[in-house]
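Given these sequences and hints, build the entire structure.
In this note's numbering, each number is its position in the sequence shown, counted from 1, plus 12.
Treat the hints with care, since some could be wrong.
[To be verified] Restraint ranges, calculated between C-beta atoms of paired labels, are given here: (1) 37 x 160: 55 to 61 Å; (2) 1024 x 458: 22 to 28 Å; (3) 820 x 430: 17 to 23 Å; (4) 488 x 781: 40 to 46 Å; (5) 130 x 96: 24 to 30 Å; (6) 832 x 1122: 22 to 28 Å; (7) 820 x 382: 44 to 50 Å; (8) 733 x 458: 42 to 48 Å; (9) 505 x 37: 33 to 39 Å.
[Said to hold, decoys possible] Here are the simulated DSS-like cross-link-like pairs (lysine-lysine), alpha carbons at most 27 Å apart as the crow flies: (10) 1081 x 1133; (11) 1133 x 1042; (12) 766 x 779; (13) 766 x 787; (14) 819 x 969; (15) 470 x 1042; (16) 819 x 1121; (17) 858 x 1044; (18) 779 x 858; (19) 1151 x 1133; (20) 1155 x 1042; (21) 1122 x 969; (22) 116 x 155; (23) 421 x 825; (24) 237 x 421; (25) 470 x 486; (26) 1133 x 1121; (27) 320 x 271; (28) 1044 x 1081; (29) 787 x 1133; (30) 1074 x 1122; (31) 486 x 499; (32) 1133 x 825; (33) 961 x 1074; (34) 1133 x 1074; (35) 1151 x 1042; (36) 858 x 825; (37) 1121 x 1074; (38) 893 x 1044.
Calculated directly from the structure, the hints in this document are not laboratory data.
These numbers were taken from a predicted model, which means no experiment stands behind them.
Glycine residues also receive a C-beta, built at the ideal position from the N, C-alpha and C atoms.
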Amino acid sequence: MSLRFIFGRAGSGKTTTCLAEIRQLLQESPAGNSLVLLVPEQATFQTEYALASAPNLGGMMRAQVLSFRRLAYRVFLEVGGLSRIPLGELGQRMVLRRLLERRKNQLQVFHRAANQSGFTDVLAKTISELKLYCITPETLQEKISIIKDREDAGRLADKLADLAHLYCDLEEYLAGRYIHADDYLGLLAERINLSTAFNGAQVWIDSFTGFTPQEYQVLAAILLKAERVSVALCLDSRQLLSPARETDIFFSPRQTMEKLMSLAGELGVPVENPTVLEQAVPWRFVSAPVISHLETAFFQRPTRVWEKDVAGIRLVAAANRRAEVEGVAREVIRLCRDEGYRWREIGVVLRDVEGYRDLINSVFADYGIAFFIDVKRTVMFHPLVELIRSALEVVLENWAYDPVFRYLKTDLTPLSREEVDQLENYVLAHGIRGGHWTNGQPWNFRRRYTLGEDEGLKPWEANQLAQVNQSRTKAVKELADFERSAKTAATVREVTLALFHLLEDLAVAHSLEQWSREAEEKGRLEAAREHAQVWKGIVDLLDQMVEALGEEAMSLEEYANVLLAGLESLQLGLIPPGLDQVLVGSLDRSRNPALRAAFVLGVSDGIFPARPGGEGFFSEPERERLQAAGLNLAPDGRRRLLEEQYLVYTALTRSSEYLWVSYPVADGEGRAMMPSTVIARLKEVLPGLQQRVLPVEPPGVPAGDLEFIGHPGRALSHLGVKLREAKAGIPIPALWLGVYNWALSCPRHLAALKEIIGGLYHVNQEKPVPSLARKLYGQRMQVSVSRIEKFNSCPFAHFMAYGLELKDRTQYKLAAPDLGQFFHAALKKVGDRIATTGLDWGTISKEQCRDLVGAVTEELAPELQNEILFSTARYRYIQNKLRRTLERSVGVLAEHARRGIFRPIGLEVGFGRGQDLPPLALNTVGGGTLEVHGRIDRIDLGVLEGGHKYLRVIDYKSGRAGLSLAGIYHGLEIQLLTYLDVALTHAPLLAGGPALPGAILYFSLQDPLITAQGPVDPAEAERRVLAYLKTKGLVLADAGVVRMMDSHCLNGRSELLPVALKQDGGFYKDSSVIDEAQFAALRRHLRLVLAGAAERILAGDVAIDPYRKKNFAPCRYCSYKPVCQHDPLLEGNGFRLIKEEAKEVFWFKLNQAGKGGEGGV
13 MSLRFIFGRA GSGKTTTCLA EIRQLLQESP AGNSLVLLVP EQATFQTEYA
63 LASAPNLGGM MRAQVLSFRR LAYRVFLEVG GLSRIPLGEL GQRMVLRRLL
113 ERRKNQLQVF HRAANQSGFT DVLAKTISEL KLYCITPETL QEKISIIKDR
163 EDAGRLADKL ADLAHLYCDL EEYLAGRYIH ADDYLGLLAE RINLSTAFNG
213 AQVWIDSFTG FTPQEYQVLA AILLKAERVS VALCLDSRQL LSPARETDIF
263 FSPRQTMEKL MSLAGELGVP VENPTVLEQA VPWRFVSAPV ISHLETAFFQ
313 RPTRVWEKDV AGIRLVAAAN RRAEVEGVAR EVIRLCRDEG YRWREIGVVL
363 RDVEGYRDLI NSVFADYGIA FFIDVKRTVM FHPLVELIRS ALEVVLENWA
413 YDPVFRYLKT DLTPLSREEV DQLENYVLAH GIRGGHWTNG QPWNFRRRYT
463 LGEDEGLKPW EANQLAQVNQ SRTKAVKELA DFERSAKTAA TVREVTLALF
513 HLLEDLAVAH SLEQWSREAE EKGRLEAARE HAQVWKGIVD LLDQMVEALG
563 EEAMSLEEYA NVLLAGLESL QLGLIPPGLD QVLVGSLDRS RNPALRAAFV
613 LGVSDGIFPA RPGGEGFFSE PERERLQAAG LNLAPDGRRR LLEEQYLVYT
663 ALTRSSEYLW VSYPVADGEG RAMMPSTVIA RLKEVLPGLQ QRVLPVEPPG
713 VPAGDLEFIG HPGRALSHLG VKLREAKAGI PIPALWLGVY NWALSCPRHL
763 AALKEIIGGL YHVNQEKPVP SLARKLYGQR MQVSVSRIEK FNSCPFAHFM
813 AYGLELKDRT QYKLAAPDLG QFFHAALKKV GDRIATTGLD WGTISKEQCR
863 DLVGAVTEEL APELQNEILF STARYRYIQN KLRRTLERSV GVLAEHARRG
913 IFRPIGLEVG FGRGQDLPPL ALNTVGGGTL EVHGRIDRID LGVLEGGHKY
963 LRVIDYKSGR AGLSLAGIYH GLEIQLLTYL DVALTHAPLL AGGPALPGAI
1013 LYFSLQDPLI TAQGPVDPAE AERRVLAYLK TKGLVLADAG VVRMMDSHCL
1063 NGRSELLPVA LKQDGGFYKD SSVIDEAQFA ALRRHLRLVL AGAAERILAG
1113 DVAIDPYRKK NFAPCRYCSY KPVCQHDPLL EGNGFRLIKE EAKEVFWFKL
1163 NQAGKGGEGG V
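Next comes the structure, spelled out in structure tokens:
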């Protein structure tokens, strides 16, 4: 037995020497004592491939490439040691989660943190660290008293106490039944002496810079058994002649060498003379002497500069990370196209893989580069994990909406996505949850569009209900079975069995297998393997849960927390699906094969080298105190910062021919990023190295633009930018004209070129669709006033709403339309009861008003949205608020009646086919017919002493609506005017004879709060309320008619109407009054507006043409904005500007527009 070191700097051939010696022994004797190559876990695949792919190698039965864990498994298979159940990482975390639940109230420092996501993971890593450094719970307890005596102990002693308790709990739980994953190496050290595998064996140890105390114990056992142990270390043997300094780049490997020599001395194992691999230029860098110089000179002081050619190294600054990755992709393509590189000979090296992962996935795929990103992948977003989490939440949260539909949208249930969407819409509309899912009664919830009236079930509603109930049955079956089993389960084993039966009932394994096949057929090999690994990982997780906690009794909520801790720790470690791929990996994890070219990205300050952050339970100062107390853990922040320099060394020496070093000057949000000190040092060592700046787009000069055409798809994308510039008058460079002509002559890319050109001349506007309009609407259009207003607001929004009938998703909540329903129905019922009981609006008392409103509210509240007003305390409060608002509104309407002689002659008067009044019918120029239908909230009649009748139309609004002449002119505010026209047209039917217009008014349904500096007299408060609730609209310019509406308005402003009278009977300028002729002109204009809108609708006008009035545009609240994509900055996407003009201008324009229009008013 002996120990031999193999020393050499990066690229000197240490790994090659180990492999060559093994191959030589195999060729000399294929059978014989074992030949073992021990490497880090992540290097086993690459190393085994390198050994097995050697030519003329007859067989390798003697040779094994092992990691420490694989070595343990190999020895345990031979000599035993697996009698206790292995508890993997997932099992550890689930057990710790359970132990935390028991212990958390006794923890001094971490009682709150124990419930936080990720805490279990931190705890598990800390305990693993303690085990790897051979620290037991007893050792922790011993150190607590020492630390307590220190003045700067702080809460460190309490932290140690918490950790010791949890560590002890875990050890007690494992005792005699399970073996912790990090106990394998300790057990391995004890069992190696029983194994024959190392009898006379030769062992090579490569790619390590250091070992943990546990690993040193294993190495001690190997030294005593093996014939020879060769340890390859990245070390310059010449530095061994001088004392070690902590700042030396090879300090860690040197420490490792010294510890191994000390260990060999203690064991009596002779140490051979080392094999020193020294060449003037290491073999790896024979083709790139500049990289060889960089390897030796980068960390050397004083600086040795390189005065020769630096062609093998590129230093690049990029505008941002995307530009950086795009530049790498273009260079990778160039290397493979022009210099004969293979994908597998190129590596991308990162310190921060996650910061670049999405970009590399996107950009490399766009460029057609075969690549593999070597990172552990979380499974938390996989559909199977979501299915398990949501199924448990469904039971725990009593079938709440969110978990139910997360479960159904995994695509692992019997429902199609279309069925899920329909079911979701129905559930959202009716607020279904809890027992409604599982009570077995068919759902027949319906949304009422009118309150206080019976609505029959329409055929389409019956069909929808049948489909919804069928989907509900399919959705519930397996989940309801799981709920019953889970609620009756007494142990972890029984809950887990119920969960596994759910997965079986849903045929999840079959679905994942099918997904995997489909992904493989599409060439998505990583996704295919991911589906297979997730299933295997979940089954393993459930097995470990049963093994570790099977007979434990715990609540379903505790079970879910424990399982979640396991799921959060479940990660996928995929191997490259192909051999010829660019390997993208992190410096501290990935082990690259022999690379000709290495791309080192993200060399920014604080990222590479990385700033050490506090990890685990202990901060950096606490680790220092622990070390001072004799508790040696993993290297502290200072040591890790020094070790980052070794990673820099590794990154710069990965490749044999070509090195790319780059950094972004700004992050994704445009914030400046500083380059790393590595960049400055590169410039010092290589003064001839010119830094190149990578732009986001082609720079516009031939030399710079040329590299942007390396890939057809990306070249066409950049061509689009150049063509857009050419359209703006900027000459297009000859290079891009060549790209254009190439695409024009290439059938494969002609379609893409046409799309680009089409995009240049695209105008975001829709052409008329007359044939479709005729199919949708026919020649006889039946429309509401609000529909015409919608069209005049924006034809495209009208087409979406009434042509394609696209609607917002209905939700179970009180919205403005629901409140409008309630108030309209309630006021009609109040009015009807006043009329049927012989009361008069002008004489009802406050008490009568309160009683009427209370009775009506109790009657209508259950009908609103399936008793939504009774569903929660919040909605019960809203019900009381609605009652108060209604009481206030009835009181104000009664005040109107007390002050005037107008009385209602119609409440909620419908007009249209089959309604109280006929529709408002008009003919269009194109031969079509328009029938306007609707419902008038209230029509009042007032009669002067001479017998003249006047009609007043009132429309209820839950907000503070106003009426503008500009809105009427442009057809945006024609509701009140249409109602007046209908009422006057049918006055003989309503009023028993012809009538004149009295007013059109909006009445605000509100219960306002009045602000005051101090106490306010009740009468004054009432006056302020009336002033706040003053109606808005237009009133006939007749003082007598005004006094018929407000007898208190003798001189001055009315408290009820938007008018102010002068002493001489005239009106102040700001009064909203018009005369009879102007009312008639408005009615004529109204019919022109209605007929004109109908004509345009039937002609298929679907233009994206919204209006803007002052600072308001309907686009602000439009649901169809994502469809039309209206953008004022685009050509043809402006606004129709509507201005409020002087009244004289308005009436002039109205008269001009009305000349030659339809009469009959």
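Here is how each hint holds up against the structure:
1. Under the hint 55 to 61 Å, the C-beta atoms of residue 37 and residue 160, about 57 Å apart, fit the expected range.
2. Our hint of 22 to 28 Å for residue 1024 and residue 458 is violated, since their Cβ atoms are close to 46 Å apart.
3. Checked against the hint of 17 to 23 Å, the C-beta distance between residue 820 and residue 430 comes to roughly 19 Å, which is consistent with it.
4. Checked against the hint of 40 to 46 Å, the pair residue 488 and residue 781 passes, with Cβ atoms roughly 43 Å apart.
5. Look at residue 130 against residue 96: about 29 Å separates their beta carbons, and that is inside 24 to 30 Å.
6. Remark: the range hint 22 to 28 Å for residue 832 to residue 1122 is upheld by a beta-carbon distance near 25 Å.
7. Against the hinted window of 44 to 50 Å, the Cβ-Cβ separation of residue 820 and residue 382 comes to about 45 Å, which satisfies the hint.
8. As the Cβ distance of residue 733 to residue 458 is approximately 54 Å, the hint placing it in 42 to 48 Å is violated.
9. In this structure, residue 505 and residue 37 break the distance hint of 33 to 39 Å, their C-beta atoms being roughly 51 Å apart.
10. A hinted pair counts as satisfied when its Cα atoms are at most 27 Å apart, and residue 1081 with residue 1133 does not qualify at roughly 40 Å.
11. With a C-alpha separation of about 35 Å, the suggested pair residue 1133 and residue 1042 falls outside the 27 Å cut-off, and the hint is violated.
12. For the given pair, residue 766 sits about 21 Å from residue 779 by alpha-carbon distance, which is consistent with the 27 Å threshold.
13. Taking the CA atoms of residue 766 and residue 787, the gap is about 32 Å. The hint is violated against a cut of 27 Å.
14. Taken as a hint, the residue 819 and residue 969 pair is honoured in the structure, with Cα atoms around 22 Å apart against an allowance of 27 Å.
15. At roughly 41 Å between alpha-carbon atoms, residue 470 and residue 1042 are farther apart than 27 Å, so this suggested pair is violated.
16. A hinted pair counts as satisfied when its Cα atoms are at most 27 Å apart, and residue 819 with residue 1121 qualifies at roughly 25 Å.
17. Between residue 858 and residue 1044 the CA atoms are separated by roughly 25 Å; this keeps the pair inside 27 Å, and the hint holds.
18. Proposed proximity of residue 779 and residue 858 is contradicted: the alpha carbons are some 59 Å apart, above 27 Å.
19. Restraint check for residue 1151 and residue 1133: satisfied, since their Cα atoms lie roughly 24 Å apart, inside the 27 Å limit.
20. For a cut-off of 27 Å, the pair hint linking residue 1155 to residue 1042 stands: about 22 Å separates their Cα positions.
21. Taking the CA atoms of residue 1122 and residue 969, the gap is about 22 Å. The hint holds against a cut of 27 Å.
22. Using a Cα cut-off of 27 Å, the hinted pair residue 116 and residue 155 holds, with the two alpha carbons roughly 22 Å apart.
23. For the hint pairing residue 421 with residue 825, the CA-to-CA distance comes to about 23 Å; that is within 27 Å, so the pair holds.
24. With a C-alpha separation of about 58 Å, the suggested pairing of residue 237 with residue 421 is violated against the 27 Å cut-off.
25. As the CA atoms of residue 470 and residue 486 are separated by approximately 25 Å, the hinted pair is consistent with the 27 Å bound.
26. Taken as a hint, the residue 1133 and residue 1121 pair is honoured in the structure, with Cα atoms around 18 Å apart against an allowance of 27 Å.
27. In summary, the hint linking residue 320 to residue 271 is not supported, as the alpha carbons are separated by about 41 Å, beyond the 27 Å threshold.
28. A threshold of 27 Å between alpha carbons decides the hint, and for residue 1044 with residue 1081 the separation of about 16 Å falls inside it, so the pair holds.
29. A C-alpha spacing of about 25 Å is found between residue 787 and residue 1133, which places the hinted pair at or below 27 Å, so the restraint holds.
30. This hinted pair does not check out: residue 1074 and residue 1122 have alpha carbons roughly 32 Å apart, beyond 27 Å.
31. The straight-line distance between the Cα atoms of residue 486 and residue 499 is roughly 21 Å, inside the 27 Å bound, and the hint therefore holds.
32. Taking the CA atoms of residue 1133 and residue 825, the gap is about 23 Å. The hint holds against a cut of 27 Å.
33. About 25 Å separates the Cα atoms of residue 961 and residue 1074, which keeps this hinted pair within 27 Å; it holds.
34. Using a Cα cut-off of 27 Å, the hinted pair residue 1133 and residue 1074 is violated, with the two alpha carbons roughly 49 Å apart.
35. Straight-line distance between C-alpha atoms of residue 1151 and residue 1042 comes to about 25 Å, which keeps the hinted pair within the 27 Å bound.
36. Between residue 858 and residue 825 the CA atoms are separated by roughly 32 Å; this puts the pair beyond 27 Å, and the hint is violated.
37. Between residue 1121 and residue 1074 the alpha-carbon distance is near 32 Å, which puts this suggested pair outside the 27 Å criterion.
38. Between residue 893 and residue 1044, the direct Cα distance comes to roughly 24 Å. Compliance with the 27 Å bound is thereby established for this hinted pair.
Checked against the numbered hints listed earlier, the structure breaks hints 2, 8, 9, 10, 11, 13, 15, 18, 24, 27, 30, 34, 36, 37; every other hint is satisfied.
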